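Asks: Take any residue in the sequence shown, note its place counting from 1, add 3, and you have its number in this note's numbering.
Since the hints were made in silico from the structure, they are not lab data.
There's no promise every hint is true.
[Unchecked claim] Listed below are the simulated DSBU-like cross-link pairs for lysine-lysine, each with C-alpha atoms no more than 35 Å apart in a straight line:
#1 K138 / K55
#2 K118 / K29
#3 K110 / K29
#4 K46 / K25
#5 K110 / K55
#6 K55 / K25
#7 K196 / K144
#8 K46 / K138
#9 K25 / K144
#10 K118 / K75
Everything numeric in this text was worked out from a predicted model, so none of it was measured.
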Amino acid sequence: MYAAEFRWRAVVLHYAYGVPCKRVGKIFGISGRTVLRWYQQFKQEGHVMPGKRLKKSRQPPHVQRFVADYVKVHPCFYVEELQSALRQRFGATTSGFSATALLRLLKFDLGLSRKVLERRAREAVPREIEDFLAKMRCWYKYPEQLVFVDETSKNGLNSMRRYAWSARGTPAIVRVPFSRAFHRAFVRDVVPKLNPWPLPRSIVVIDNARIHMYAELESAVHACGALLLYLPP
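Work out the full structure, taking the sequences as your base and the hints as a guide.
Replies: And the structure:
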């Protein structure tokens with residue numbers, strides 16, 4: 004029989020990090036069906052060992068409130084990030100912040116589940132490309148009109164976050180605020196160089212990242228008489 008710690012490691016890898024059961028099985032030298040069975044037992048019983056039931060994390064109310072607030076602000080967190088935040092808030096020597104304890108807290112105490120972030124349907128992409136081309140055909144006259152803006156400084160870890168925590172039965176939607184640093188740099192370095200359409204430098208083309216879609220950016224471009232176009236996905 005496999006020890007509880009061994010089973011927990013497999014379940015955490017699958018549940019908290021979204022690694023498929025089959026791949027987890029290869030990592031630990033067991034079958035994917037075994038990993039799936041342990042995971043299903045955790046969902047039903049709160050434990051990975053047969054005959055044990057533990058559907059409460061035993062965390063005090065103030066810790067539960069902290070975690071609930073943390074999830075609302077950081078729905079795409081990794082377990083290590085939550086552990087670090089808890090230890091900073093309640094002390095590095097505080098026990099009970101293991102991955103297994105946190106999974107119980109999230110699932111059974113707070114009623115949260117981990118699901119794939121909502122994304123637009125693949126069928127929408129061709130339509131958005133055609134919409135973009137139609138706008139370009141309407142406004143574009145010569146190459147000197149175009150100004151391409153590329154925010155190259157990205158957080159690679161954020162781009163890998165494909166899952167978020169949310170209450171059971173509700174979709175996982177992440178709201179991303181616009182970057183004030185990007186806005187300040189754009190107003191300082193790009194806006195002064197823009198001209199009214201159809202002069203040179205009168206069509207700004209930028210990627211369709213959510214942090215770039217906000218009214219202040221559009222107002223800054225339109226105030227110059229220039230146009231703002233978002234690239235399709």
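Asks: Against each hint, give a clear statement of whether it holds in the structure.
Replies: Against the structure, the hints come out as follows:
1. K138 / K55: Measuring from Cα to Cα gives roughly 62 Å; hence the hint is violated.
2. K118 / K29: Measuring from Cα to Cα gives roughly 23 Å; hence the hint holds.
3. K110 / K29: 26 Å, holds
4. K46 / K25: Between K46 and K25 the Cα gap is close to 18 Å, so the pair holds against 35 Å.
5. K110 / K55: The given pair, whose Cα atoms are some 17 Å apart, holds under the 35 Å limit.
6. K55 / K25: 25 Å, holds
7. K196 / K144: 19 Å, holds
8. K46 / K138: 50 Å, violated
9. K25 / K144: 54 Å, violated
10. K118 / K75: 15 Å, holds
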